[in-house]
Structure formats: C-alpha cells, structure tokens
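Novice: Residue numbers (the numbering used here), protein chains in the order written: chain A, 113 to 792; chain B, 66 to 377.
If you are wondering where the hints come from, they were derived from the structure by calculation, not from laboratory data.
Don't take each hint at face value.
Here are some chain B residues pointing at chain A (derived, C-beta under 8 Å) [said to hold, decoys possible]:
1. P137
2. S153
3. G169
4. A173
5. H175
6. D176
7. V180
8. E181
9. D201
10. Q212
11. Q213
12. V222
13. D241
C-beta: ideal position from N, C-alpha, C; glycine also.
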Amino acid sequence: MADLLIELFSEEIPARMQARAAEDLRRLFTEGIVEAGLTYAHAGAYVTPRRLTLTVEGLAERSPDTVEDRRGPKLGAPDKAVEGFARGAGVAVADLELRDDKKGQVYFATIRCAGRTAPEIVAEVLERTIRDFPWPKSMRWGRGALRWVRPLHRILCVLSREDGHEVVPLVVDGIAAGDLTEGHRFMSPGPIRVSGHDDYAARLRRAHVMLDPAERAEHIRNDAANQAFAQGLELVEDAALLAEVAGLVEWPVVLMGRIDDAFLSLPPEVLQTSMREHQKFFSVRDPGDGRIVGFVTVANRETADGGATILAGNRRVLSARLADAAFFWENDLAVARAGMTKWTDSLSQVTFHARLGTEADRVARIAALARELAPSVGADPDLAEEAARICKADLVSEMVYEFPELQGVMGRYYAEAAGRPAEVAEAVAEHYAPLGPSDAVPSAPVSVTVSLAEKIDKLAGFWAIGETPTGSKDPYALRRAALGVIRLVLDNGLRLPLDRIFAENSGPLLAFFHDRLKVHLRDEGIRHDVIDACLAMTNADDLTLLVKRARAVQGFLDSDAGGDLVQLYRRANNILTQAEEADGVEYSFGADVKHAETDEERALFAALATERPRIEAALGAEDFGAAMAALARLRDPIDAFFEAVQINTDAQITRRNRLNLLADIRNLCVRAADLSRIEG
Amino acid sequence: MARPTCFQDILMALQSYWASAGCAVLQPYDMEVGAGTFHPATTLRALGPRQWAAAYVQPSRRPTDGRYGDSPNRLQHYYQYQVIIKPSPPDLQALYLGSLEAIGIDAALHDIRFVEDDWESPTLGAWGLGWEVWCDGMEVSQFTYFQQVGGHDCHPVSGELTYGLERLAMYVLGVDHVMDMPFNSPDAPTPLSYGDVFREAEAQYARWNFDTADTAILLRHFEEAEAECAATLAAPATDPRTGRPIVMALPAYDQCIKASHIFNLLDARGVISVTERQAYIGRVRALARACADAFLTTEAGGHDPAAPRAGA
Numbered sequence: 113m114a115d116l117l118i119e120l121f122s123e124e125i126p127a128r129m130q131a132r133a134a135e136d137l138r139r140l141f142t143e144g145i146v147e148a149g150l151t152y153a154h155a156g157a158y159v160t161p162r163r164l165t166l167t168v169e170g171l172a173e174r175s176p177d178t179v180e181d182r183r184g185p186k187l188g189a190p191d192k193a194v195e196g197f198a199r200g201a202g203v204a205v206a207d208l209e210l211r212d213d214k215k216g217q218v219y220f221a222t223i224r225c226a227g228r229t230a231p232e233i234v235a236e237v238l239e240r241t242i243r244d245f246p247w248p249k250s251m252r253w254g255r256g257a258l259r260w261v262r263p264l265h266r267i268l269c270v271l272s273r274e275d276g277h278e279v280v281p282l283v284v285d286g287i288a289a290g291d292l293t294e295g296h297r298f299m300s301p302g303p304i305r306v307s308g309h310d311d312y313a314a315r316l317r318r319a320h321v322m323l324d325p326a327e328r329a330e331h332i333r334n335d336a337a338n339q340a341f342a343q344g345l346e347l348v349e350d351a352a353l354l355a356e357v358a359g360l361v362e363w364p365v366v367l368m369g370r371i372d373d374a375f376l377s378l379p380p381e382v383l384q385t386s387m388r389e390h391q392k393f394f395s396v397r398d399p400g401d402g403r404i405v406g407f408v409t410v411a412n413r414e415t416a417d418g419g420a421t422i423l424a425g426n427r428r429v430l431s432a433r434l435a436d437a438a439f440f441w442e443n444d445l446a447v448a449r450a451g452m453t454k455w456t457d458s459l460s461q462v463t464f465h466a467r468l469g470t471e472a473d474r475v476a477r478i479a480a481l482a483r484e485l486a487p488s489v490g491a492d493p494d495l496a497e498e499a500a501r502i503c504k505a506d507l508v509s510e511m512v513y514e515f516p517e518l519q520g521v522m523g524r525y526y527a528e529a530a531g532r533p534a535e536v537a538e539a540v541a542e543h544y545a546p547l548g549p550s551d552a553v554p555s556a557p558v559s560v561t562v563s564l565a566e567k568i569d570k571l572a573g574f575w576a577i578g579e580t581p582t583g584s585k586d587p588y589a590l591r592r593a594a595l596g597v598i599r600l601v602l603d604n605g606l607r608l609p610l611d612r613i614f615a616e617n618s619g620p621l622l623a624f625f626h627d628r629l630k631v632h633l634r635d636e637g638i639r640h641d642v643i644d645a646c647l648a649m650t651n652a653d654d655l656t657l658l659v660k661r662a663r664a665v666q667g668f669l670d671s672d673a674g675g676d677l678v679q680l681y682r683r684a685n686n687i688l689t690q691a692e693e694a695d696g697v698e699y700s701f702g703a704d705v706k707h708a709e710t711d712e713e714r715a716l717f718a719a720l721a722t723e724r725p726r727i728e729a730a731l732g733a734e735d736f737g738a739a740m741a742a743l744a745r746l747r748d749p750i751d752a753f754f755e756a757v758q759i760n761t762d763a764q765i766t767r768r769n770r771l772n773l774l775a776d777i778r779n780l781c782v783r784a785a786d787l788s789r790i791e792g
Numbered sequence: 066m067a068r069p070t071c072f073q074d075i076l077m078a079l080q081s082y083w084a085s086a087g088c089a090v091l092q093p094y095d096m097e098v099g100a101g102t103f104h105p106a107t108t109l110r111a112l113g114p115r116q117w118a119a120a121y122v123q124p125s126r127r128p129t130d131g132r133y134g135d136s137p138n139r140l141q142h143y144y145q146y147q148v149i150i151k152p153s154p155p156d157l158q159a160l161y162l163g164s165l166e167a168i169g170i171d172a173a174l175h176d177i178r179f180v181e182d183d184w185e186s187p188t189l190g191a192w193g194l195g196w197e198v199w200c201d202g203m204e205v206s207q208f209t210y211f212q213q214v215g216g217h218d219c220h221p222v223s224g225e226l227t228y229g230l231e232r233l234a235m236y237v238l239g240v241d242h243v244m245d246m247p248f249n250s251p252d253a254p255t256p257l258s259y260g261d262v263f264r265e266a267e268a269q270y271a272r273w274n275f276d277t278a279d280t281a282i283l284l285r286h287f288e289e290a291e292a293e294c295a296a297t298l299a300a301p302a303t304d305p306r307t308g309r310p311i312v313m314a315l316p317a318y319d320q321c322i323k324a325s326h327i328f329n330l331l332d333a334r335g336v337i338s339v340t341e342r343q344a345y346i347g348r349v350r351a352l353a354r355a356c357a358d359a360f361l362t363t364e365a366g367g368h369d370p371a372a373p374r375a376g377a
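For reference, chain A alone in the conformation it holds in the complex (with noise of 0.2 Å):
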C-alpha cells in the first residue's frame, strides 16, 4: 500500500471554477486509476488560488495480473483466420490451443496481461486527466500547446510508502513531475520539498497556506462575524460571496472598516450592491436601524501595520467607488425629480426584442393590460396603468445600467423622489416578482396587477412570434414568467378569465400554464390525472377555480369513499357505454321513479333526490369538498343497487328506466370533475 500526494500548482485560478475543479480532478483521476485496475481506500480534493490537490490514500502497489481465454475459430478454418485470430490477441499461431467443444475443436488463445506498478499508470492516468481536464474555458500560453485554465508551473506527484516516498516519473508539455510545491507567494516565496501527504499540509500551513476551502470559508465567517459584534454590528451572510472570496486567498485576513458618513444616506441596497459586485466586500448592519454602515474586507496576508495600509487603501477605493454611486444617484434623482419623462421617452430607444419593438412598445402594452386587469385584482385602474407607464422607466437610469440587478429597487426610490403615490412606487418595485420559487408573492392590488401585466404581455408576445420553450431553452424565462402568474393568481386568490386576456393564442399558452400548473401541485400532493380531471371542466382558464377543485377531488379520493366510488362510477359508465353503443341511443331522458321495480332501485332514487339538490347547491356555490361529499353519500345505495338489480331485463321499460338512472348518476359524478380521467 502507499499514499500519493498529487498538486497541480499554477497561476491564480478563478474562484468561482475552483470547487468544481477539485471534484473534477478527485473524479476523472480516480476512475482512471481504477480503470486501470488500481485500487485505493480514500481519495479528497482540495484547491486554492494556486494549486489543485489531490490526496489518495491506500493505493495499490500494482494492478493485478490477468489471464483471458480467447475462443477463435474451428479447427478446419482457413490459415487465414487462425493467423488473423492469433494476431489480435497477441500470441503466435504455435502458442494457440485447440479444446473440445460442443460442435468439434476449437482454437483457443490465452492471453496473459501482466499487472502495472502504480507509478506506471499513475502517469499515464495523471497525464490523461491534465491534458484533458474539462475547465469551463482555458487558454494556452509562451509557446506551448497544453491548454490549462492559467499557466501551470508545477507537478508535484508523489507516492510515499513507510520506508520513504519516490516522485512518479512524469513530464506534460515540458513540465516535469516532482516533489516540489510553493508557499503563499508573498509571505512565503520560494519551493517546498514535501515527501508526502503527513507533511504537505503542514508545511503548507507554515508557509502561510491554507489548504482547504471549507476552512478558509469558515475562518472568514467566523472571523468577520466576531469582528462586527465586537462593535456591536452584525455581519450581513452572504453564502455566495463567502464562497468567492475564499477563493480568492490563501492566507485570509479579515479587516473591518466603516463607510464614509459622507455615503449613508445612499440606498442600503446601491452600499450592498457597490461592494459586493465591485469590491467583494461583505456588508456590516447597525441591527438598531438596519442601516448598513461598515464593511468586512479580506486580505490574502498579514502585514508588519496589522493591515491598517490595506484598510486604508481599501477604504479609499470604496469612497471612490461610493462617490460615483453617489453621482449616478443625485443624476438619478434630478431626472426623477423633473419627472421621469427623460427616462420614459427614451425607452423608444430601447429594443426589448426585434419582432416585439422597443421598451417603451412594451411599456405601452402593459399600462393597457394593467388598467383591463385591475377591476378584476380590486385595484384602481388609473394607479395600476400610472405604475405600468413608469416600471421601466429605471432601465435606462445611470444606477441601473452600473447595477443591472437594482431594477425595480431603484425605480421605487426614483417613482418616490417623482412624488408618485406610495402604491405606484411599491408597485414598481415588485413588479418582476415573484422571480424564482422562494421570493414572496406581491400582495398589493396595484403590484400585482402590474406583476401580471408584465409577464402575461410577456408570454402573450413571445407565444405570438413563435418564440416558445424548448426541452431545457428557455433563454426568455417564460416558465419563470408563467409560474410566477400561476403564483399571483392563486395566492391572491384571484378569478381571471385568462382565456379572454390571452385572446388569440390562448390555446397553446393555457396548455402551457396547466403544464406548469401540474408542476406547481404536484409538490402539494395533487395528482396530474386529478388535475386532468379539473382540466376537462368548463372554466379551467380559471386558475383559482381550478386549484380548488382540484385540492377537493385530490382531498375526496384520499378518502376510503371516493376510491370506491371511482370504481363504481366506472362500473355504470362502462354497462352504459355498452349498451349505448349496442342501441345506437344515448340514455338521457332521465329516469322515473315510478318504474323502479326493487327496494334497492328505489333507494337509489330517494339518495339520487335528496342529494341532488345539495350537489347542485354546493357547486353552485363553488364548494366542491361539499359536492364530493354528497357524491360520496350515493355509494352505499349504488353499491347496493348494482348487488341486487340486474340491468339488461328482458323487459324493455324497465331496462330502459335503469340505463337512465345510470346515466344521472354519470352525469352527476362528472359535475365536479370528470372522474373517467381518474386513474388507477
């Protein structure tokens, strides 16, 4: 058994392709070797700015020696055969045997493979996987041809065993495998010899490099967070930035420091913005007013000051950078102020999309939609069309096109500063959302009619060009779009004729809503074929109606009655789907009481007449829990009726009577949804 230590050591990689890098590196290598019939016990991935390592323990000293019998041709077969046959498996004609078999004798070759060392396929698979290493994008550099994510300088490829450690002899593209790494490239330049894995971290740790990623990651938080409360702030959590800025040191230094006065009074979110996207800087909060006031640095080492230079330098950048927020936001507001009408106008400038005009076409569409839906969200159509006119106004603002993802946000501050209504700037900001499955729903009449503006113009004019998705295309997010409509409607529990408001593409387009619907609840429990049930009702452009009926059939066939009435339902259509067909008539003239001939019939017709009246009443009322309810009281006496009455009499009348009554209770069964569509 031995141990091998592998580094790839090389210019700064990016930190967002890093982690995966390392699990490609764990991966491709380790099946290699096992491919290569090598095995080991553990293998761990680390990486850092500079170096990808890799660590497999418990490796095999050699692969093990393998002997196959090959069957070639019969004995009898042309020279040819045999020597083509022989050729393939790598043996003279002279070595080949001839065994009985069950159609005569037949050549045999065995083919002995010898077992390799570990350093032979070591190499070969270490080679095989830099040279073909599956980097998100790499480059070349000098004069070479491999192509690695930045210039790689070093290969570190040891193998360590208790009595001493051998470097596995390798040489890619002219760099030549060893046993030396680097330290951090400022507070520890210079090679290391490492003999293996037992020292390798260690001598790394004491050359100013973290190896592991989750540990930079956890140094950082716990560090930043320490640092804040100390001053009684508290650090605002951000995974994805944690992430990054992990990797993008290997000696992380936390420096903590307060944004200039001069910069408080920008928007919390333009402060958040700025440093994360310009300076990788987390946001520190007073957790007394919320308000943003300082930030968390991390440097990649330490210095003879304790940082204060870098702080400083770090602090003047972000002033320069807070004073350019500041000019695009007094800028902002000047034109807000004048009443945006610099911004709305030139959004004719804007093209959303060739086939679908500019912005302001858009815009124009919108405002329209807004007013025909507000009635039907209980907003004022005036308010709903004003916040449609000035949505996306923000777009061409100069903080929107610095900070593409402050849409919305900035046009509330700016639809506040125009002195709009406090609806139509709320309205502004919330009119993208709901954008994925976690971010709230809008809840205010005039956001959400313009919410549903937004995206039904939307799917409404990507559907009308043909532009729809495609098996995982969707460069358009009109799933997004669709769901986040599905969302508005119901949680606000909204009745829109979304037939009408599609106009003439609604087919297609509401075909895609139940498909999205269907996703949707399917995570609450409802069955497709319960939805599909819903579906075939008159109505189902209604999501609201929809989602309700489907949640009480979904509820009644949970229950032990609905399952069985399913059954029975099934038993009257298919006797009356015979014997229509066998007729050539449809039973539904109604079945009359005075014709029943059985205590079991006449039960049936007083349970058909006291329920009716309820089922008609429920549905009527849209209490669909109610109308199954009924429906599921019909059980006992169908049961019964289907016990003790035999259809197909030879007395015509009373055949008749009893197809009929079949029929009122399909006809009542298929009321609240159509209970054929049920499966299983």
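We have chain A already, so just place chain B on it with the hints.
Specialist: Just chain B now, kept in the frame of chain A:
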C-alpha cells in the same frame, strides 16, 4: 529609485523598469484610440510567429467617461501604460510584481491579488484570459494572455499588461482627486498639478463629446474610414511604382482605429440605439479582421518573403 512624488515619476519609473526588463520602449501611437491595445504595436504585433517585446504610454479616449473635470477618478482622456511580450515569459507575473515595486508599492505592506477577468474586445475580434490585478481592493492593472486577435489564434501567445496610470499614480501618491495630483515635482520652479494640465481640456471635451460634436459629420467620417480601409486592403499586393510587394495593412488599420474612435464619439452623443450598436461593432470588427489577415501576409507578420505570395 527614490519614492515617487508626482505623476511623471511613476511614468518614468515604469519606462526604465520595462526598458531594463528588455522591452523596446515605444512612443504613443499618434491617433485617437480607446485603449493601449489599439496601438498596432499590440494588436498587429500579437499576430504571427515573431518574437516581440514593447512597452509604451498610450493616451486613451473614452468619450462617455467625461465628467467635465469634476469627477475624482473619471476622465474622457487618460493614460494607459502598456507592455506586450511575445511569447509570454514563464515569469511574467514576477516581472509584473517587480514593476509595482519599482513605482513604490511594497508587497510586504499591501494586499496584491490576481482576480479573474477575461478580456474581450468585440471591436478587435480579440480575446484573452487573465486577471485584473488588485492592490488593496483597487484594480491597478489588467493582465492578459492573448488567445485570439482579429479572429486569428495567437501562436505563440502574447502576455499583455495594461496599467491605468492615473488611478495607479493616485494610489501610490495618496491623492483622492485626480486633478489634485502633482504632475511634475511639487518642488519644481513651476509645479503643475494634473488639473493644471487637463482640467480645462476635460470640460471642453465633455461638452463637445456629449452635446456639440456634429453627428452628421461623424457618421460620414465613419463611412469614409470604413470605405478607405477596404479600398486600401483591396489594392494589389505589388506596388506599381516600385514593383515591390507592399501590403498596406498598417495604413488600413489606421482607418480601422479611426472608425472605432468615431463610433465611440457617436455613442457618447447618444445617437446609436441598442440594436444599431451591435451592427456598428460588427462593422469595426470586420475591418480589424481584414487588417489582421493582411498583416499576416507581411514580413512583420511572419510571412516568409521567399514563399509565394497570394495575388502577387
């Protein structure tokens, strides 16, 4: 050298550092460009197999960045320091760090980092991978390994370094507003600040760039530069006067530079819509590609004069 006290100290420190590192110290290109990369010493010399090493200052113009001289750090006219070495040497990062030390940035006190930043110039049909170099959180340079220029793969690969001189100098000198930065020595008989030299120009150009440049004339100039570039490249490879093969890639490339700058001016004037933008960039890129193609047929571009020449 002694600690720099003014803008030109830093510039001269870089010049002498890169001269001692073996670069030919060139002078700025005598045309308006948006960045040092446009200098033919970078764009065209990055092409072909020949070795190359050059360093130079390049005045650069970004009309949309004008702030009338008011902004502490944005200028429509500024200086870039550019270094290009082909093939990229294995110790280019160390060489670069040496240049920071030469201008007074002590790596023992500062936090210097290489942060991913892939470079792409859609107008030059060029891209490369590298970093922006941060010093205490400020971007002080762009560091790029050129992979493609003018649509051609770079073989060998050039290493390119670009320093934003004003920003770097402000940092080294501890100045918060660019206009307050000493240009020459504060102890000189006539001490001049950056503002003394450029404040007036910044205001005048900002006004011209944003509001008064005649867009009809600019649009016409764009078309003319485009046509002249194409015509220059379309001329027969053999010069009728001397009878020698003279492919005019450099004069054609001048027209490409001109078109690119005019496009930037039109952009600052706000007359180019989002959709048109892409089309204009595509037109400049087509010129850059054609010039790159032509350059590769010249001796400087690595063409062997003994080999038969297409169209000769």
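Novice: Interface hint check: A173(B), Cβ to nearest Cβ on chain A, cutoff 8 Å. Holds or violated?
Specialist: holds (7 Å)
Novice: Take the shortest C-beta to C-beta distance between Q213(B) and chain A; is it under 8 Å?
Specialist: It is violated, given that the least Cβ distance between Q213(B) and chain A is near 10 Å, above 8 Å.
Novice: A closest beta-carbon separation below 8 Å is what the hint needs, so does D176(B) meet it against chain A?
Specialist: holds (4 Å)
Novice: Let's test the interface hint: is any C-beta of chain A closer than 8 Å to that of Q212(B)?
Specialist: At about 6 Å, which falls below the 8 Å cut-off, the nearest Cβ of chain A leaves the hint on Q212(B) intact, so it holds.
Novice: For the restraint on G169(B), tell me whether the closest CB of chain A is nearer than 8 Å.
Specialist: violated (12 Å)
Novice: Under the criterion of a CB-CB separation shorter than 8 Å, is V222(B) in contact with chain A as hinted?
Specialist: holds (5 Å)
Novice: The hint names S153(B) as touching chain A; please verify it with the least Cβ-Cβ distance against 8 Å.
Specialist: Interface hint status for S153(B): holds (5 Å vs cutoff 8 Å).
Novice: Holds or violated: D241(B) as interface residue toward chain A, Cβ cutoff 8 Å?
Specialist: OK, holds: D241(B) within 8 Å of chain A, min 7 Å.
Novice: Using Cβ atoms only, decide whether E181(B) comes closer than 8 Å to chain A, and label the hint accordingly.
Specialist: holds (3 Å)
Novice: Against chain A, run the beta carbon of D201(B) and see if the smallest gap drops under 8 Å.
Specialist: holds (3 Å)
Novice: Taking the least C-beta to C-beta distance, is P137(B) closer than 8 Å to chain A?
Specialist: Holds, about 6 Å.
Novice: Would the hint on V180(B) stand, with a C-beta cut-off of 8 Å toward chain A?
Specialist: It holds, given that the least Cβ distance between V180(B) and chain A is near 6 Å, below 8 Å.
Going down the numbered hints, you'll see the structure goes against 3, 11, while the others check out.
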